[in-house]
Amino acid sequence: MYCERAVKINLSEICFTPHFECDPERREKDWFVRIGNVIHPMENWKWLDVFFEEIDRASIKYKHYNLKVKAGIEIGYDIGLEKTIEKLVNNYPFDFILGSVHCLEHCAISSREESLSYFYGKTVEQVIKQYYYVVDQMIETKLFDCVGHLDLYRRYGLQYLGPEVEEVHYHYTEPVIRKISQYNMGIEINTSSRRRGHREFHPSRELLKLAVNCGVQIFTLGSDAHSVKELGDGIAEADKLLKNMGQAAAVFNRRQPELLSK
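The opening residue of the sequence shown carries number 20 in my numbering; numbering runs sequentially from there.
Worth flagging that the hints you see were computed from the coordinates, not collected in a lab. Each hint should be verified, as a subset may be incorrect.
As the list claims (entries may be wrong) - The list that follows gives simulated cross-link-like pairs (lysine-lysine, DSBU-like), each with its CA atoms no further than 30 Å apart:
{"hint": "1", "residue 1": "Lys-48", "residue 2": "Lys-65"}
{"hint": "2", "residue 1": "Lys-82", "residue 2": "Lys-27"}
{"hint": "3", "residue 1": "Lys-82", "residue 2": "Lys-102"}
{"hint": "4", "residue 1": "Lys-248", "residue 2": "Lys-106"}
{"hint": "5", "residue 1": "Lys-89", "residue 2": "Lys-102"}
{"hint": "6", "residue 1": "Lys-27", "residue 2": "Lys-102"}
{"hint": "7", "residue 1": "Lys-80", "residue 2": "Lys-48"}
{"hint": "8", "residue 1": "Lys-262", "residue 2": "Lys-89"}
{"hint": "9", "residue 1": "Lys-80", "residue 2": "Lys-228"}
{"hint": "10", "residue 1": "Lys-27", "residue 2": "Lys-259"}
{"hint": "11", "residue 1": "Lys-141", "residue 2": "Lys-89"}
{"hint": "12", "residue 1": "Lys-80", "residue 2": "Lys-27"}
{"hint": "13", "residue 1": "Lys-102", "residue 2": "Lys-148"}
{"hint": "14", "residue 1": "Lys-228", "residue 2": "Lys-198"}
{"hint": "15", "residue 1": "Lys-198", "residue 2": "Lys-148"}
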């Protein structure tokens with residue numbers, strides 16, 4: 020259904036990035052994946068064999084529609100999970116590996132239900148300092164192609180911490196973004212924030228400008244669609260935003276970036 024939707028809205032390619040989580044402290048919360056209508060334990064990696072088989076079938080079927088179908092993955096990073104993540108990325112032929120920080124102190128800041136228990140009692144500076152420290156450690160692993168939804172703390176942090184959480188806080192953000200540039204990694208422009216009532220994407224326009232000024236050259240576009248109708252939401256606007264900054268969106272094939280035309 021996703022591929023049919025991609026053809027309908029004239030996408031030239033689609034990259035599926037199912038979530039992979041491996042924090043043992045969240046095993047009962049995150050370690051599940053749906054195959055068809057059946058829930059399977061995520062630590063049994065046989066689900067990935069099914070995933071790649073489905074990608075291969077879709078690639079053949081939709082080639083006639085000039086739609087490229089790619090196999091990616093979004094890995095939830097936290098400190099101490101490096102060995103498991105390294106084993107995963109070295110054993111499967113992904114086109115694209117997105118690294119994201121969804122949790123701080125083993126609490127999902129990406130979750131409406133869980134985020135209050137993390138944000139409660141913290142200052143904006145405490146949140147941002149901790150978030151970018153974990154992102155920095157993720158970058159240092161060199162296991163990922165791209166950083167997913169940078170500044171994710173804005174999603175629910177705005178509700179609990181107020182508008183200060185939307186400021187860039189250059190003291191913490193700039194060193195991390197310079198390291199992304201240094202390691203030739205990418206930054207995802209994630210449009211899902213619009214579905215949650217935010218005016219700006221992840222990262223914010225100001226943070227995106229900082230990335231461009233720091234020399235980041237790889238930017239991917241993602242609608243973070245968890246349903247078919249969400250596929251492609253905001254992508255045209257995000258692409259225009261990039262082009263207005265003199266940048267081009269990138270796509271990945273076997274983990275090698277290719278810049279599209281500006």
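Hints versus structure:
1. Lys-48 - Lys-65: 20 Å, holds
2. Lys-82 - Lys-27: The hint holds at about 14 Å.
3. Lys-82 - Lys-102: It is violated: about 36 Å lies between the C-alpha atoms, which goes past 30 Å.
4. Lys-248 - Lys-106: 34 Å, violated
5. Lys-89 - Lys-102: 25 Å, holds
6. Lys-27 - Lys-102: 40 Å, violated
7. Lys-80 - Lys-48: Distance ~35 Å between Lys-80 and Lys-48 Cα, so the pair is violated.
8. Lys-262 - Lys-89: Holds, at about 24 Å.
9. Lys-80 - Lys-228: Not OK: Lys-80 and Lys-228 at ~39 Å, beyond 30 Å, violated.
10. Lys-27 - Lys-259: 20 Å, holds
11. Lys-141 - Lys-89: 40 Å, violated
12. Lys-80 - Lys-27: Judged against 30 Å, a Cα distance of about 15 Å means the pair holds.
13. Lys-102 - Lys-148: 25 Å, holds
14. Lys-228 - Lys-198: 15 Å, holds
15. Lys-198 - Lys-148: 16 Å, holds
When the structure is compared with the earlier hints, violations turn up for hints 3, 4, 6, 7, 9 and 11 and for no others.
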